Structure formats: C-alpha cells, structure tokens
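Asks: Now for the letters of each chain:
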Amino acid sequence: MIRIYRQLLVAQIQAAAQYRIQALLWMLFSIIRPVIFLAAWTAVSTAQGGSVGGYTTSDFAAYYIALTIVGHLTTAWNSFEFEFEVRQGRLSPKLLRPLHPLHYSVVENLIWKVTTFLPLMLVCLVIALTFQVRWSGEWWHLALFVPSIVLAAALSFMIGWVVATATFWLQRINTVNTLLQRTSFIFAGQIAPLSLMPAALQVISYSLPFAYILAIPAEILRGGVTLERGLLYLVGQAVWLGLSIVAFRFAWRAGLREYSAVGA
Amino acid sequence: MYALTPMDAPVVDVRALRKVYRVTERETGLAATFRSFVRRRYREVLAVDGITFHIDPGEVVGFLGPNGAGKTTTLKMLSGLLHPTSGEATVLGHVPWRREGDFLRGMTLLMGNRSQLVWDIPAADSFLVLKEIYAVPAAQYKRTLDELTELLDLGPLLHKLVRGLSLGERMKVEFAAGLLHSPGVAFLDEPTLGLDISMQGRIRRFVAEYNQRSGATILLTSHYMDDVVALCRRVIVIHHGVLLYDGALADLAERMAPYKRISVTLRGSVGDLSTFGEVVSSNENLATIHVPRAQAAERTARLVRELGDQLADISVEDPPIEEVIDKVFASERPLAETTA
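Those protein sequences? They're chains A and B, same order as listed.
According to numbering that gives the first Met the number 0, the first sequence holds residues 0 to 263 in order.
According to numbering that gives the first Met the number 0, the second sequence holds residues 0 to 339 in order.
Source of the hints: derived by calculation from the structure; they are not laboratory data.
No experiment lies behind these values; they were computed from the predicted model shown.
Each hint can be trusted.
Output of the computed footprint for chain A on chain B, the stretches with three or more beta carbons under 8 Å from beta carbons of chain A: (1) 71-79; (2) 98-104; (3) 114-124; (4) 131-145.
Simulated restraints, written as ranges between beta carbons of each label pair: (5) Arg42(B) / Gly52(A): 53 to 61 Å; (6) Gln47(A) / Arg39(B): 48 to 56 Å; (7) Gly241(A) / Val37(B): 38 to 46 Å; (8) Asp152(B) / Ile20(A): 35 to 43 Å.
Glycine included, each C-beta is placed from N, C-alpha and C at the ideal position.
Produce the complete structure using the sequences and hints provided.
Replies: Okay, here's the thing in structure tokens:
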C-alpha cells in the first residue's frame, strides 16, 4: 500500500501542478468567511469595552485564525467530487481496480492541503499581525492539537464519504451537501465560539459531529480548553470517527448493490 | 496467463443471469411534473432475461445485439460493476460482484467511449500508478509494456499528456492501460467505436495478436461486423435481453441465410435471370441473384454455360454478415439449441 500511495502522490502532484492558480484561489475563498466573522466580532468586542463573554478582541482573532487553519486542514470535497464522478461515468474504471476509490481521494485531499498550507500560513500571519493576536496556550495544547486535527480531518473526510454514498440512491446530492454545510455553519462554531452560543444550541452542537471537526480543534489550538476537557474532546472525536467509518462501510456495501453504472 | 480455474473449466460461466432496472417514469406536461413531486411512478425494465453461456480459456467470442439488447449490462455484471437481479456467474472462478482482489487483478473491462487514465498527466505516469495498484513485478511490467509499445506503436505517445492525445491515440493507450496487468479475461465493449478505418484495423490486429500471445479469453461487443468477422469464430447473439444464438459465426450464416449470393456482370443489359434464382437486384449490366446453398455450384455452372460470351464477370459469396445478423434480430426468438 505504501508503494501505491507513493505512486499516487507523484501522479497527483503532477496533476495538481497544472492547476496552481485554482488551488490558491480555493485556499483564499476558504479564508474569507472566518475573516468576515473575525471583523464582526472585533467590532462588537470593541464596542463593548474590549470583551464579549470573556473573549477579548485578541481571543477572537486567535480563535478565528485557528478556525481558518483547522478549516483548511479538515476540508473535504469528496462528496461533490463523487457525485460528479458517478454522473460522468468516471467511478466505474476505479471500481474495476483492486484499490478502493477512497484512496484516490485521500491522496488528492492531502496534496491540496500540503501544497496550499504555506501560502495559508502567510495569510494567517498577516491577519495575526493586523489584529494583534496573543496566543494563550501551553505546550500541551499543541501536543493535543496534533491528534485532534488528524481525527477532525479523518472525521470530515469520512462524513464526506458517507454523504457521497447517497449518490447511489439519489443520483444528485447537491442538496444533501448544502444541508450539511448549512448545519455545519450553525453548529460547528463558525458564527461564534461555541461558549458564546445560547445553551440549547451548545447542547445540540456538542451532540452533532460538526463541532468536533472545526470548533473543538480550533479551541485546542487557541489554548482555550483545559487538559481534561481537551482529552474528553479527543474521545468524542474518536467516537464520531468510529461511527462514521461503520456508517460508511455499511452504506458503501449497500450502495454498490444499487449502483447502475450509468454513463459508463 | 492467470490460472485460477482448472484447465478444462470455463473461464466465464453464466447461468440464468437476469438484470432488472427500476426507472422513474412520468408523462410530459406541467400537471404530470407536479404529480411526480407527490408520487413517483416507477417502471421495471428487463435488461437481461436469464441468459446462460460459458466461455472456455483462450476463446475470442463476439457478443452481438442491437442497441439496448443487454450486452453492456451483461459485461458490467461480469466485470463486477453491477449486481444481477438473479442468476449466477463466475469469471476466473470468482463471483464478479463480490469484487475480490484476485478477480479484479485477473480481468479488464475496456469501453471504447470511456477513459480510465488521468487526463492531466502523461500516460506513462498513469501506467506506473496501475503497476503499483495491480502489484505487477518490475520485470513483468517492463516486458509487458515493451510488448504493448511494440504492438500498439506507443513510443511517441507515452510522454504526452493524455488530454492532448487524439481519439485513436487515446484508445491505444487505454488498451495498454487495461492490459498492463496481463489479465486472463478481457471484456471489450465497442473497442473501435469512433475510430477511422485504419485505426479500427490496427486495433483488430492488436486484439488478435494479444489473444495469440497471451492466451487471454476475450468477450467482445461491436457494432462493426468487420471486428467480429476478423476476430471471432464464435458469436453470442442477444436481443431484448434474451440469448438468441450461441455458436459458430459460420453456422449462423448458414442457418439464417441458407443461400449464396451470385453477382454477375454482363457485357450487355441484364435480361430475365429469374430462372437461375431469386433476383434481388438488377441494374443495367449488373445483377445479384440468391440461390440455395446446395445448388450454388450447379446454378453458377448453368449461368456460365447459358450466358456464354455475354458474361463479363461472376462471383459467388456468402451474404454479408450484417444481413445475417439483421435476420437474427428480426426473428426475436432463440435459434434452436445453442451449440457452444
């Protein structure tokens, strides 16, 4: 499998190299939303004397920069891609090979994140200097962030695949994707840090997987959680990842029975 | 070649294979569109209706039928892309739709109108990915690639981006990609679709030579009868999902068209030739006559004798295969006992 991955990485880097501008633009799009919310919360915080619910202007900046980095590292577009592949008849050639189609997406996903990470960090540095960010974390926050971001990226990827399998039944899953994105927008800590949300919304947020992909790793990276709570969050992420893997395996097997290989 | 089944066992074994698709249906018009929001109407389409056949190692079999006959659906089931509604099949000893690794490594499905290569990189790089996916040992990979490069004249194409290749060039690299792992069974679905005459001939020669060199079993669909005549001694004819004929191509012509075609060219205009057989066309000095196969020699001799100096040219041949196949499709019923 290592040899397969190595060769897929080489091929994917070659393909990605031809679309450098597009990759950079996608990266910049992903920054716009957190920056808008950062600007809004900074204005609110300033108007209220420098703090909202315990978050100073600098805390907001740290949170949204962390959220931008986490958003970048956990983004997964495989459900959009999968629908396109099924409709274009491009899934069938992959199904004919002794390698699960999921592996191609893993490589594609990794390449995009790695190749755009450096420019993203430069943009984040500019934002950090502009908003005078102060990092309030400990060394163990960074140590905790590593497994947390890996789990979050894997969870986001697997949820993408679970949604992707809906294509076998529905043919078009744009609406499912949109619904998921809107739900994530509300409950993943994109509008505000979770602790600033109304209590009921917080309960829902911690009961759904979206916060475990974005808000929680971002809070860990920002240094906004205790060690005990951080470890508890990791367990929550692992449980959601396990559930998504089981759901995917079940949905994939059932979906293949429905697959009609249209257009291929 | 893969030897996953005993020597005498069929490589492809299909029993009562059946596939029913469920498709949504609605009438035209605004009212029908609104009704379909509330209640969907489905219709079952029987694509393959209980076909049974087997193919022995090394055979090249033509799989014929008009559009919508069920050919591609059958190939998709045999390559593991589709689950059948009922029936059984094994390919290389595996149930295809279980998609086991050994099965996938032992077969290939090539579709003339579909690409399996990455468009944004040269074919040579896609080949390296396939080498690793199929776990082809380095020495075998080199040998196979050299052989395919020679057979398909791939040299100048390997390092071009796939998206920059012409249709004919792309088909050649697609063939190579599909055969790099030396599959024991190849399902070829319209492999010459859209290619010019010269490229069609080249692909045909390649398939024949590949079959001879590797001993691979090949099941081929094509609308070009030249492909079938050049490559297949045996054909399976399917229509409306039902198997109509399975046997030798030559026997099919004899059974469906029990006549020979005599074409005569005269020095003057054509007179009444109906005493020699059924005159199917007559035009100035050219005429075509159908005569019963058994009497073809006697009628030809009579024509030569009776027309004498008037006769400029004469030829006796089987009716074109297209005509024979059309008759099978038109009959829409199985032709007696299958012979394979």
